[in-house]
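Q: Letter by letter, the chains look like this.
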Amino acid sequence: MVIWTEDLGGALARAQSGDEAGFLELWRQLQPRLLRYLRVLNCEDAEDVASETWLQVVRDLPGFAGGEEDFRRWLFTVGRHRAIDDVRARKRRPTIPMPETITAVADHDLVEDQVFHAFSARKAVELLRTLPDDQAEAVALRVLAGLDTPTVARILGKSAGSVRVALHRGLRSLAKNPEVQELARDPAGGVMHSGGGER
Amino acid sequence: MTRDPLDEMRSRDPGVRELVNALVSPPADDELAGEQTARAMFAAFRSPPAPPAAHRSHRAGSHRAPSARAPSPRAQPARAGRSPVRPRGAGRPASGPGSRKFGVWRTVAATTLALTGALVLAAYLAVLPGPVQLAAHRLLGQIGVPLAHSTAKTAPTAAGSTPAGPHRHFRVSPAASSVSSRYSASQTASPSPGRSRSGNRGRDRSRHRRGGRAPHSRGGLIVTAPARPVRSGSSVHFYVTLTEHGKPQPNVPLVLHEHSALQSLYQRHHEWPSEWDASTDAHGLASFTVPELWANASFVVTGPGSLHSRKVNVVVIASVQAGIGRDRRQPAQDFVFVNCLLARPGDAATLEVRYHGHWRIIGKTKFSQYGRFATAWFMINADRANRTYRVVLPATSLHGNSASGPVKGVSEHHRHEWDSRSPAPLPSPAPSPSPGPPSTSGH
Chain V
0 MVIWTEDLGG
10 ALARAQSGDE
20 AGFLELWRQL
30 QPRLLRYLRV
40 LNCEDAEDVA
50 SETWLQVVRD
60 LPGFAGGEED
70 FRRWLFTVGR
80 HRAIDDVRAR
90 KRRPTIPMPE
100 TITAVADHDL
110 VEDQVFHAFS
120 ARKAVELLRT
130 LPDDQAEAVA
140 LRVLAGLDTP
150 TVARILGKSA
160 GSVRVALHRG
170 LRSLAKNPEV
180 QELARDPAGG
190 VMHSGGGER
Chain G
0 MTRDPLDEMR
10 SRDPGVRELV
20 NALVSPPADD
30 ELAGEQTARA
40 MFAAFRSPPA
50 PPAAHRSHRA
60 GSHRAPSARA
70 PSPRAQPARA
80 GRSPVRPRGA
90 GRPASGPGSR
100 KFGVWRTVAA
110 TTLALTGALV
120 LAAYLAVLPG
130 PVQLAAHRLL
140 GQIGVPLAHS
150 TAKTAPTAAG
160 STPAGPHRHF
170 RVSPAASSVS
180 SRYSASQTAS
190 PSPGRSRSGN
200 RGRDRSRHRR
210 GGRAPHSRGG
220 LIVTAPARPV
230 RSGSSVHFYV
240 TLTEHGKPQP
250 NVPLVLHEHS
260 ALQSLYQRHH
270 EWPSEWDAST
280 DAHGLASFTV
290 PELWANASFV
300 VTGPGSLHSR
310 KVNVVVIASV
320 QAGIGRDRRQ
330 PAQDFVFVNC
340 LLARPGDAAT
350 LEVRYHGHWR
360 IIGKTKFSQY
370 GRFATAWFMI
380 NADRANRTYR
390 VVLPATSLHG
400 NSASGPVKGV
410 SEHHRHEWDS
420 RSPAPLPSPA
430 PSPSPGPPST
440 SGH
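Going down the list, the protein sequences come from chains V and G.
Numbering that gives the first Met the number 0 numbers the first residue of the first sequence as 0 and each following residue consecutively.
Numbering that gives the first Met the number 0 numbers the first residue of the second sequence as 0 and each following residue consecutively.
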């Protein structure tokens, strides 16, 4: 279902043998998905948690044994654990949230395509977050990590049947969501939000 | 066989299909912003050789760097130098009665020697109870065992030594000042080596008194900082590698010092008031996390003696909040207002409109004080509904080039809604306190 633009298996093997280019291929392919997954998990600072995740992965990479799918499962499992740690840490040390910003990422080179991609992915993540936690996580692992249902079930510590049910309910809820329906009518423009609260 | 719910819904519902496509869409620039950090992280973990077994004993006193975590059990890396585990029940290769007896004797002799050595050392350091110390002095006084506790405990140290505590003494090599510091290629740094090195030397000596081993010459203190600007308020990671003659230096306490541009601006001093501690691990690595970085800042890492890195500058992208409002006195015109906590009166702001896929500049103005915050406005034609604007702030001493998110012009439909409300609402969630409609415009 998920099409990876690079040969992740080859990149993994090269990264394990110490090839930096191989590791960067892995990172470029998986980091955006990992960030989006962490945002679905409601991580306050997804970049920070992703960095912790990669730190652990890089440390343990020489001892990793498995294929491309095993690596994805491992990466997202580590990310999930780090996200849980993050949530616990936040509960121990509550902080006062800053006012929500419209966006914070921009530079002079920003062009329309990048804006659309960024916004569509972010909007999709926001829509996923409207689901109950178990459904959102099941959909995120299935779609973003590209893992099959039994693997997702193993990560979540549930049976494959319950994950299938969660997936089904989550996707059905999303299909009924007006914003998702609008997304179908206008794939690009439907996800744009103005700062003025239109829509 | 049960069909997968995802495949089923994707084929049946176009909305879900678009949502899935959006989730796996190509990455945005900001999602790949940490590439240089990841590269440095990989390089740091790839290069250091496994430490020899004799050095492992030093790990007991080290504390883990903030972001270093225990590896997962299923992916424990193979440890070089580890002796192979003998299978349970496997016999020794040559275990006859004679060799066993010799082994026992050897163990007893080694234990006796060790105990004697420990006793002599304790007597020499005068840490034994009074009567025992007296007996030891009578017995071993000729080799320098002191009589009482009042004798000096300190070991001779060279100039510039850093006592590590009651039982540990470290000698800091004068050559430590010649440690070469360098940056990874990823940094947005403007190093100023000479001033930084001499300026911190005195402070380092007084500050790092907790002990640790100082590397000798031809070592390397490599600091990796974010190569690209980071968002204001976000956390920033620094990775430090400390080597000596190509070998990682474990258990060396390091301190990261921060000097924010806000401090230069408002407090008028040039100290390094914020500090974070970490120690290098067995691979000579340490990582620091600055939890929140709100404005441009400079960082330097120091260690025992006069060990320090060059200055590293980190640039932040300011959070720019823009919205569209309406001036009731000028119905033909709306206004774009912009707030930024890092903007100061007199800072420039540029209004851009998206036109055929590119941003084009259509106005410039400057921030002015409005209440506690600096604010800027641009007037736009009210009949340009559904145009998309953004406001760009050129880099200042407090932040790098920054921009607001896209904001859309107000459609007629919403315009009527606004007119029916009272008082005049603003369509965008402005930061508190939000400015009201201006009586005068920018441009």
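Calculated from the structure, these hints are not laboratory results.
Ideal Cβ positions, reconstructed from N, Cα and C, are used throughout, including at glycine.
Check each hint, because a few of them may be wrong.
[Said to hold, decoys possible] Partial selection, computed: residues in chain V whose CB lies under 7 Å from chain G:
id, residue
1, Ser50
2, Val86
3, Arg141
4, Val142
5, Ser172
6, Val179
Q: Now tell me, hint by hint, if it's right for this structure.
A: Going down the list of hints, with the structure as the test:
no. : hint   : in the structure
1   : Ser50  : 6 Å, holds
2   : Val86  : 16 Å, violated
3   : Arg141 : 5 Å, holds
4   : Val142 : 5 Å, holds
5   : Ser172 : 10 Å, violated
6   : Val179 : 4 Å, holds
Hint compliance for this structure: hints 2, 5 are broken, all remaining hints hold.
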